[in-house]
Amino acid sequence: MTVGLDITRQVRPPRAVFVDYPMGDEIGRPGNSEEQRRIVRGAFEALAAMTEPGMIVDLGMKAGGDAPDGRPWRDWVYTKEFRRHYMRTREGARPG
Amino acid sequence: MPIEYIPRTRDLYDPLPPYRWTDNRHLPVPWTPLRKPLADCRVMLIASGGVYVDGQQPFHFKDDASTRIIPSDTPIERLRVAHFGYPTADAEKDPNCVFPLERLRELAGDGTIGGLAPQALTFMGGIYSRRRVTEALIPVVVDKVKQQNVDLCYIVPA
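Taken in order, these protein sequences are the chains called E and G. With the first letter of the first sequence counted as 1, position 39 gets the number 41 in the working numbering; the numbers rise by one all the way through. With the first letter of the second sequence counted as 1, position 113 gets the number 1173 in the working numbering; the numbers rise by one all the way through.
Calculated directly from the structure, the hints in this document are not laboratory data. Just so you know, nobody snuck in bad clues.
Simulated coverage check for chain G against chain E, where a stretch passes if three residues somewhere in it have a Cβ under 8 Å from a Cβ of chain E:
| no. | region |
| --- | --- |
| 1 | 1082 to 1091 |
| 2 | 1162 to 1170 |
Below, a list of computed lysine-lysine pairs in the BS3-like style, where the Cα atoms sit at most 25 Å apart:
| no. | chain 1 | residue 1 | chain 2 | residue 2 |
| --- | --- | --- | --- | --- |
| 3 | E | K82 | G | K1122 |
| 4 | G | K1153 | E | K64 |
| 5 | G | K1122 | G | K1204 |
A few chain G residues facing chain E, derived, Cβ under 10 Å:
| no. | residue |
| --- | --- |
| 6 | F1121 |
| 7 | D1123 |
| 8 | I1173 |
| 9 | L1212 |
Glycine included, every Cβ here is placed at the ideal spot set by N, Cα and C.
Work the whole structure out from these sequences, hints included.
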């Protein structure tokens, strides 16, 4: 699985399946079993289409939802502000 | 447009020196054809989201290249998450977000896949040292995969 197309295009694993979801929700949102099922089933169904080394299949699934200030999550995830609120440092604390 | 994580990571950790992402574009892509129908394949789940079982040692964040074995029949309520490189709140609520053990058990149950390996394998993917990944982590992963005698690995990064 991948949510980072630019990284995967550079690393070139034998097979990859892409969903446009935030890092941390690679298999869908918490508690949404149906969405998770579509992603996992989609990944296995994509196996048949991956006949050449290095292919990346896009399942065409995009996460909805916004950042807390109403911006789209794509503009916000993995930014400094995002990290301050939602990620830990290597020391285990919040960057705060 | 999908997120471009490479420039975003550079900005996120500025003014630290930019992380040197692996670039295999000049190398041939390794390839093993799938030789069996999916319904006959034994599948192993491998995930880098820092998932462990309650009672195991949690991952630390300083280039921890250790692995955890997670029996494939582990109740989802017993799974925990330790990772600094992505927001873990969703995975703490529902580990399937980065470690879809319940979803894979369903696929094994309805015959979509032939079955699950007895054990899944996890690690904490926020390892800055590529040397530690290639020399300490990967040989262990390869060994564990060979021990499970599987046809397919389903790899979920986080």
